[in-house]
Amino acid sequence: MEIKELIQELSAFKGVSNASMIRDNVVKLDIDKNSSKEFFTKLRDDFGFEHCSLITAIDNQPEFELVYHFTSINKSVTVGSTDMSVMTEVHVFLERDTPTIESISDLWGGANWHEREAFDLMGIYFVGHPDLRRVLLPEGFAGHPLRKDYVYEIHEEEW
Amino acid sequence: MAEMWISMGPQHPMTHGLWTLKVKVDGETITDADPELGYLHRSVEKMGERRKYFMNTTLTDRLCYASSTTWTHCYVLTVEELMNVEIPERAKYVRTIMLELQRLASHLMWAGSYMPDLGHITGALYFWRDRELFLNLLEVPSGSRLLYNYIRIGGVKRDLPDGFVEKAERVMKLFEQRLDEYSDLFENSKIFRMRTEDVGKFTAAQAQNLGITGPNMRGCGTKFDLRRNDPYEIYEEIDWDIQTREAGPGYGDCFSRYMVRIDEMKESMRIIRDCFKKMPKGPTLASTIPVRAQGEAFRRTEDSRGEALMYIVGDGTDRPYRWKIKSPMFTTISAAPHYLKGYKVADIPAIMGSVDICIGETDK
Amino acid sequence: MTLFGACRIMAELSIRILIPIFEFQEGLFPPFSNPAGWIADWLATDGGLDTMAWFYAVNIALMVGMTNLILVIHLERKIAARIQDRRGPMLSFRALREIGEDLSGNAPSWKFKKNYSGIGILQNIADGLKALTKELIIPTKADKFLFTMGPIIFISSSVFLLALFPLSDRFAASSAPAGLMVIMAAFSIAPIGILTSGWASNNKYSMIGGMRSAAQLMSYEIPLLLSMAGVFLVAGSFDPVTIVEQQRESTWLFGLPMWNIIPQFIGFVVFMVCILAEVERVPFDLPEAEAELVEGWTTEYSGIRFMFFLMAEYIRGFAGAAVATILFLGGWAGPWPVPPEIWFLIKVYLIIIFWIFIRWSVPRIRTDQILVLGWKKLLPLSLINILIVIFMVEIYPYFTAIVNLPEVF
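Residue numbers (this note's numbering), protein chains in the order written: chain A, 1 to 159; chain B, 1 to 364; chain C, 1 to 409.
Be aware that one or more of the hints could be misleading.
With a cut-off of at most 30 Å between alpha-carbon atoms, the simulated DSSO-like pairs for lysine-lysine come out as follows [as the list claims (entries may be wrong)]:
no., chain 1, residue 1, chain 2, residue 2
1, A, Lys28, B, Lys52
2, C, Lys377, B, Lys344
3, A, Lys28, A, Lys14
4, B, Lys201, B, Lys22
5, C, Lys141, B, Lys24
6, B, Lys167, B, Lys157
7, C, Lys377, B, Lys190
8, B, Lys223, A, Lys28
9, A, Lys28, B, Lys46
10, B, Lys52, A, Lys148
11, C, Lys377, B, Lys341
12, B, Lys167, B, Lys281
13, B, Lys201, A, Lys75
14, B, Lys278, B, Lys266
15, B, Lys341, C, Lys376
16, B, Lys173, B, Lys157
17, B, Lys344, C, Lys141
18, B, Lys266, B, Lys157
19, A, Lys148, B, Lys46
20, C, Lys141, C, Lys130
21, B, Lys223, A, Lys75
22, B, Lys201, A, Lys42
23, B, Lys266, B, Lys223
24, B, Lys223, A, Lys42
25, A, Lys75, B, Lys266
26, B, Lys278, B, Lys173
27, C, Lys78, B, Lys190
28, B, Lys201, C, Lys204
29, B, Lys173, B, Lys223
30, C, Lys376, B, Lys201
31, C, Lys204, B, Lys24
32, C, Lys204, B, Lys344
33, B, Lys341, C, Lys204
34, B, Lys22, C, Lys204
35, B, Lys190, C, Lys376
36, A, Lys4, B, Lys223
37, B, Lys22, C, Lys141
38, B, Lys157, B, Lys278
39, B, Lys344, C, Lys376
Since the hints were made in silico from the structure, they are not lab data.
None of these values were measured; they are calculated from a predicted model.
Looking at chain A on its own, in the form it has when it is part of the complex:
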């Protein structure tokens, strides 16, 4: 399908808002946290985004933001007659105190370690993840360093 149809179909989904296009081949949208898992399932199965490129966690001071990037490798979505592959960028907003969201590592195997890294450095908990532990920092490290309010001296005694 064409990318314009993709935007229309995705915007029609429950919980999606702010759909727009970046450059020629990226669809950007926001989604509500509770309907995220169904949306992602539909994205993989119906629209053919079979590669999870990146999961970023951002600390906007009053809240957390998760940015998901997905790529379509096998031309299920096209941009005119070019060879360009289409990506989708999905933003989800989580509250500060207990940032949790459903894990998508059963849909995409590549999302497994991206979610572990988001948990490790930013402290976002993914419900249903098979093995959520620290990946880059050593076990037993306390605190989530990439947060804006992380102060090293506080955690020094614990580590």
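Position chains B and C relative to chain A; hints supplied.
Only chains B and C this time, still in chain A's reference frame:
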């Protein structure tokens, strides 16, 4: 013998880079694997938030030390998108030439460290001897052999000096002859084929789901290369082909990945020659480069190992608010249990070597 | 003038110094005088002289073997370096003299010559000294007795080999009638040493490496012995002297010698592959491979014990090449001006150079592929070789029309 966990620990001659691979073996067969990272974590992302945009190019050079220009380039592309900077035409050509030279150097380094894993120590010396030729070439414009800091926001630091084209032509002609010799020595060797064929197989669908990109995915027959499917710089105007190889319908083994990289090296030389022919004259650095940026942007490029992606959020100041680096090796190492299962312990160096691991970019 | 004869003469000469010493001691100390007297009396007899001669002969064989070992190691390093487009070790007396000139004369320190030239012989001495001065570490939980016994078994069986094969029919330190069988038996003691070292290191990796190595060695014994059986059938004995005699005397067209390599070429190929697997050179060196398990069964060894393993490996390589020469390449047979010992050594070094070229051109084979090769491919080939030999021997009368085999049946 019961099943036991063997830890190919952080200090091991086989693991290129500093990481631990724990494998669960039942006799000689592998049943599970558990890689551990983090020994080289330097918190590049957090450091980047403290430094100005143009200072971060020195950090990105050191992300993957084997292929440093491509990471700097990915960062600089993202920042240019964020700041809306137009770079001159000649700068695009020079960047492409440096990127392809870097790809050659990186693939040669991979080949030079893959051969001793299989037991062929002479192969290491041959490939690294050729890498010296390309490092000398890369030293001419940028001044340094390994970590260049050559690609800047808005263009490149300096123009290519006179005589560079002739030097590069000489080196490439010599290297092409040597590649022919190597194909006789390595590909036609029965023992090499016995070690690498039918080993470390995964299908293209598995690769796409698990996040394995780049030459590893092209070794399964998928015709997908970000230089063609999401073009940047000058790749649209240059005549080149995507190299893929399959070991069977839709899956790839170590030998096909090896062949993909060797073919990519030949293709890189073709791209460099084309760039030399088509390069216009002009400035190599944009005349005005903004300092502050607001908004968010991401770009992805085809690193020597796969799909490198950078996502930057700017908040109006001259430092990034959030900088995220995606390394292709992060997900490839995480998929290790899938392509190690069922093979023998003696296959581990062959498989992990063919996947081309660089821990610097994985651990950030 | 055989080696034994020369040593007997040396023994008689040295008796003239030793017997007066022992008789002097007889007069000195009452507690020691009796044994000294008995030794002096015994030395003068025939048995004593023979024993001393054997002692000298074996020592000479050992020295010859050790010199060859140094040469083989040196050759390997230099040839490997040239294959890899570099020079190899260059430290030698000439280099030392050049360094001395640089240091002593009026050259300031920054003007040292960049490439000191030399043949590189001193490098081996430097490596030996380095190995001697390293600390001998035994892991805490390792079995101390077996840990030390492993390398001792390994190297003692290898050095034992040096005294067993003759360099020519005059230069033989041992005259066992079943010479080659004793050599093969000494080759086969090595797996005991390997398994002991691997197990006693108390290290999962070493144990795995030791077991892999033992599996490889034991599975290649059978094709090895079967490929040798062809030669034994034709020659009629296990004695190296007889085998070389048989090859020297069998000729074909225009008097060219028909060494065993020509009719038994399959046997030669099988033997070459099997002996490479026995001495664990690339392409069969997975058990001690660096990339797989960090040296395999020798992981925990350091210093002189590790040097023992290395030396024993090269000695076994040399002995293997010597056996190949005796069996297939005609041993010490060759035209007159060059003495037979030199012919023997030339042929042995040719085989060793061939092995060095293979080692540095070819990757490693995986253990299960090695075992498949040994059991499924080499064993049938060696049996085919025996069939060919039996065929040859049975149609002997018709065969002598082409070939002159000596009457052995």
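We went through each hint and held it up to the structure:
With a C-alpha separation of about 27 Å, the suggested pairing of Lys28 (chain A) with Lys52 (chain B) holds against the 30 Å cut-off. Distance check on the hinted pair: Lys377 (chain C) and Lys344 (chain B) sit about 22 Å apart at the alpha-carbon level, within 30 Å; holds. Under the criterion of a C-alpha separation no larger than 30 Å, the hint pairing Lys28 (chain A) with Lys14 (chain A) is consistent with the structure, at around 16 Å. Our distance criterion of 30 Å between C-alpha atoms is met by Lys201 (chain B) and Lys22 (chain B), whose separation comes to about 20 Å.
This hinted pair checks out: Lys141 (chain C) and Lys24 (chain B) have alpha carbons roughly 24 Å apart, not beyond 30 Å. Restraint check: the Cα-Cα separation between Lys167 (chain B) and Lys157 (chain B) comes to about 20 Å, which is no more than 30 Å; the hinted pair holds. For the hint pairing Lys377 (chain C) with Lys190 (chain B), the CA-to-CA distance comes to about 15 Å; that is within 30 Å, so the pair holds. Using a Cα cut-off of 30 Å, the hinted pair Lys223 (chain B) and Lys28 (chain A) holds, with the two alpha carbons roughly 26 Å apart.
Restraint check: the Cα-Cα separation between Lys28 (chain A) and Lys46 (chain B) comes to about 26 Å, which is no more than 30 Å; the hinted pair holds. For the given pair, Lys52 (chain B) sits about 17 Å from Lys148 (chain A) by alpha-carbon distance, which is consistent with the 30 Å threshold. Using a Cα cut-off of 30 Å, the hinted pair Lys377 (chain C) and Lys341 (chain B) holds, with the two alpha carbons roughly 28 Å apart. Between the alpha carbons of Lys167 (chain B) and Lys281 (chain B) the distance comes to roughly 19 Å, so the proposed pair stays at or under 30 Å and holds.
Taking the CA atoms of Lys201 (chain B) and Lys75 (chain A), the gap is about 24 Å. The hint holds against a cut of 30 Å. Restraint check for Lys278 (chain B) and Lys266 (chain B): the C-alpha separation of about 19 Å stays at or below 30 Å, so the hint holds. In summary, the hint linking Lys341 (chain B) to Lys376 (chain C) is supported, as the alpha carbons are separated by about 26 Å, within the 30 Å threshold. For the given pair, Lys173 (chain B) sits about 28 Å from Lys157 (chain B) by alpha-carbon distance, which is consistent with the 30 Å threshold.
Distance restraint check for Lys344 (chain B) and Lys141 (chain C): the Cα-Cα separation of roughly 29 Å lies within the 30 Å cut-off, and the hinted pair is therefore satisfied. Of the pairs offered as hints, the one joining Lys266 (chain B) and Lys157 (chain B) holds, with about 27 Å between alpha carbons and a cut-off of 30 Å not exceeded. With a C-alpha separation of about 10 Å, the suggested pair Lys148 (chain A) and Lys46 (chain B) falls inside the 30 Å cut-off, and the hint holds. Between Lys141 (chain C) and Lys130 (chain C) the CA atoms are separated by roughly 27 Å; this keeps the pair inside 30 Å, and the hint holds.
Our distance criterion of 30 Å between C-alpha atoms is met by Lys223 (chain B) and Lys75 (chain A), whose separation comes to about 11 Å. Note on Lys201 (chain B) and Lys42 (chain A): the hinted pairing holds, with a Cα-Cα distance of about 29 Å set against a maximum of 30 Å. Between Lys266 (chain B) and Lys223 (chain B) the CA atoms are separated by roughly 17 Å; this keeps the pair inside 30 Å, and the hint holds. About 25 Å separates the Cα atoms of Lys223 (chain B) and Lys42 (chain A), which keeps this hinted pair within 30 Å; it holds.
Annotation: proposed proximity of Lys75 (chain A) to Lys266 (chain B) holds, straight-line Cα distance about 27 Å (limit 30 Å). Taking the CA atoms of Lys278 (chain B) and Lys173 (chain B), the gap is about 19 Å. The hint holds against a cut of 30 Å. Of the pairs offered as hints, the one joining Lys78 (chain C) and Lys190 (chain B) holds, with about 27 Å between alpha carbons and a cut-off of 30 Å not exceeded. A threshold of 30 Å between alpha carbons decides the hint, and for Lys201 (chain B) with Lys204 (chain C) the separation of about 28 Å falls inside it, so the pair holds.
Annotation: proposed proximity of Lys173 (chain B) to Lys223 (chain B) holds, straight-line Cα distance about 28 Å (limit 30 Å). Pair hint Lys376 (chain C) plus Lys201 (chain B) holds up; C-alpha atoms about 26 Å apart against a cutoff of 30 Å. With a CA separation close to 13 Å, the supplied pair Lys204 (chain C) and Lys24 (chain B) stays within the 30 Å bound. The straight-line distance between the Cα atoms of Lys204 (chain C) and Lys344 (chain B) is roughly 16 Å, inside the 30 Å bound, and the hint therefore holds.
With a CA separation close to 20 Å, the supplied pair Lys341 (chain B) and Lys204 (chain C) stays within the 30 Å bound. Restraint check for Lys22 (chain B) and Lys204 (chain C): the C-alpha separation of about 13 Å stays at or below 30 Å, so the hint holds. A distance of roughly 17 Å separates the Cα atoms of Lys190 (chain B) and Lys376 (chain C); the hinted pair therefore holds under the 30 Å criterion. For the suggested pair Lys4 (chain A) and Lys223 (chain B), the alpha carbons sit about 24 Å apart, so the restraint of at most 30 Å is met.
For the proposed pair Lys22 (chain B) and Lys141 (chain C), the alpha carbon gap of about 23 Å is at most 30 Å, so the pair holds. At roughly 21 Å between alpha-carbon atoms, Lys157 (chain B) and Lys278 (chain B) fall within 30 Å of each other, so this suggested pair holds. Distance check on the hinted pair: Lys344 (chain B) and Lys376 (chain C) sit about 20 Å apart at the alpha-carbon level, within 30 Å; holds.
The structure shown violates none of the earlier numbered hints.
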